[in-house]
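If you're matching positions, the first sequence starts at 1 in our numbering and goes up one per residue.
Please note that a few of the clues may not be correct.
To be verified - Restraint-style ranges between C-beta atoms, simulated for each label pair:
#, residue 1, residue 2, range
1, Arg-175, Ile-357, 49 to 57 Å
2, Ala-383, Pro-68, 31 to 39 Å
3, Gly-460, Glu-439, 35 to 43 Å
4, Glu-432, Asn-92, 46 to 54 Å
5, Asp-82, Lys-351, 20 to 28 Å
6, Asn-325, Glu-432, 20 to 28 Å
Worth flagging that the hints you see were computed from the coordinates, not collected in a lab. None of these values were measured; they are calculated from a predicted model. Glycine included, every Cβ here is placed at the ideal spot set by N, Cα and C.
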Amino acid sequence: MSNETKTNADGSINAGGDTNNNTKKDVSKGSNIITPRSQDYSEWYLDVIKAADMAEYSPVKGCMIIKPTGYAIWENMQKELDARFKETGVENAYFPMFIPERFLNKEKEHVEGFAPEIAVVTHAGGKKLDEPLVLRPTSETIMYDTFSHWIQSYRDLPLLINQWANVIRWEMRPRLFLRTVEFLWQEGHTVHETEKEADERAREMLEIYRDFAEEVLAIPVILGVKTESEKFAGAFKTYCVEAIMQDGKALQFGTSHHLGQNFAKAFDVKFLGRENTMEYGWQTSWGVSTRMIGGLIMTHADDKGLVLPPKIAGVQVVITTIINNDEDRDLIIAKAQEVSSWLKEEGIKVKIDSRDIRPGEKFYEWERKGVPVRLELGKKDLANNTLFMARRDTGEKTSISADDVVVTVANTLEAIQANLYDRAVAYRKEKEKVVDTWEDFVKEIEAGNFVHAHWSGDAGVEAQIKEETAATIRCIPFDQKMEDGVCIKSGKPSKGRVVFAKSY
RNA sequence: CGGGGCGUGGUGUAACGGCUAACAUGCUUGCUUUGGGAGCAAGUGACUCCGGGUUCGAAUCCCGGCGCCCCGACCA
């Protein structure tokens with residue numbers, strides 16, 4: 001392993017952050033040492049996933065095996081999102097993964113958008129199939145074909161369906177969690193009577209994603225609308241949630257589409273309206289995927305490994321025992337179990353690590369896995385009625401009273417959650433730049449920033465900017481400040497700023 | 001599909017064309033240890049990616065495959 005500092009070929013920034021004693025991989029320590037972010041961001045990302053034991057590539061190129069530690073995070077995400085969806089009347093259902101090829105061909109933009117990345121089954125049961133079956137890249141087509149049978153009158157609306165599923169998109173270049181051939185996601189699909197209602201629903205779901213990102217994952221996000229060239233294939237409007245990663249690149253965290261009547265017309269999703277006339281439904285679809293786990297890593301993790309916000313952590317508190325001799329063993333373990341039961345009563349997720357190995361080894365392991373709070377319990381603590389508490393986010397260590405452990409830990413978990421969010425907000429603020437000249441634009445994009453700049457709305461100019469700088473318009477933000485200006489590239493008049501960045 | 005890099009025990013690496021392919025780590029057993037990655041001892045483990053060629057002799061040089069990683073194009 002080279003000791004030299006590497007720069008990414010695309011010139012993107014290697015974020016700074018916490019300093020770490022390891023300036024290179026120390027091979028004498030095995031494979032658990034993480035490449036610092038400042039040295040090689042891609043390698044750091046993969047190292048964190050490996051160190052936290054979250055996922056690995058499968059024998060089939062581009063596919064990902066999600067290991068229990070990684071999957072636990074996904075399960076928590078599902079739980080949190082499901083609760084939010086259900087509050088708004090959405091119900092879960094499941095549709096098959098095989099889609100007749102002709103379904104996909106019904107909506108012109110949709111086929112064109114997905115054609116390059118679909119996988120098709122042509123043979124089954126030892127025979128060539130009469131009609132090829134597409135492995136769903138998304139379920140609009142198969143669901144809406146069904147919806148057309150389910151919906152008769154306005155009384156059947158709104159129809160609010162969500163499904164948790166896997167989808168297949170034959171991507172050229174995989175990246176664990178961020179882009180894999182098969183990934184897990186949630187896709188919501190709704191049908192409404194009016195355009196207004198559909199638009200409100202698309203915005204409402206986007207708001208749920210924002211709430212989830214910020215409140216649970218502690219990831220600050222920017223909400224907005226995609227430009228024509230960036231919107232979903234077949235959508236009328238695509239709303240999105242964008243987050244900024246530690247290398248300054250943008251990650252599309254989630255999307256919500258107002259589909260208009262495009263699909264309704266293609267799939268005959270009609271209903272008898274209040275005025276006794278047949279009308280096409282107004283539809284939405286919205287989704288988030290296992291990609292969020294990548295976003296979680298790239299927002300909070302550091303050079304020691306994963307850092308999990310308490311609200312998403314599968315294990316919030318780990319109690320590590322420190323045992324010097326056999327006489328103390330039972331006493332210490334009994335105390336650990338007692339403390340654990342107190343914490344569990346308060347709904348805190350605790351794990352006891354009483355393995356008979358040296359303490360340092362345990363500490364490092366739980367740090368790599370991102371557990372927010374570690375409690376150490378040894379002979380000294382037993383004597384003093386204390387526990388030693390370490391925070392994952394700040395590294396801060398304090399001795400706390402065993403009597404107050406529940407309150408102290410609960411407060412600390414809250415503090416960690418808040419601190420991670422505040423830290424991410426501060427970082428984003430640092431990376432957001434407002435520019436008015438092309439020179440500054442190029443400079444700030446090169447430096448890996450989010451750039452607020454004027455753009456006239458010309459798709460050709462948008463493409464040209466992408467060509468020259470690799471930056472794309474992440475969104476036209478909802479909180480766009482309306483002001484007169486001129487397009488950063490073309491000089492044409494513009495009424496407001498949009499957000500540019502390089503993205504994943 | 002282009003550009004770059006790399007294929008050696010489970011993992012990370014070393015070896016000028018030349019002894020039995022080395023070192024670290026892991027794993028197994030035993031003893032000793034335990035408040036930040038322990039120590040000692042014994043053991044385990046590789047047709048050096050595959051196929052051809054050059055040579056007295058190939059992990060090493062040449063040709064051809066295959067595979068992996070990184071960077072682009074495509075995308076959530």
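Status of each hint after checking the structure:
1. Checked against the hint of 49 to 57 Å, the C-beta distance between Arg-175 and Ile-357 comes to roughly 34 Å, which is inconsistent with it.
2. A hinted range of 31 to 39 Å for the beta carbons of Ala-383 and Pro-68 is consistent with their spacing of about 37 Å.
3. Taking the beta carbon of each, Gly-460 and Glu-439 are about 21 Å apart, not inside 35 to 43 Å as hinted.
4. About 37 Å separates the C-beta atoms of Glu-432 and Asn-92, a value inconsistent with the hinted range of 46 to 54 Å.
5. Between Asp-82 and Lys-351 the beta carbon distance is about 24 Å. The supplied range of 20 to 28 Å therefore holds.
6. For Asn-325 paired with Glu-432, a C-beta distance near 56 Å fails the hint of 20 to 28 Å.
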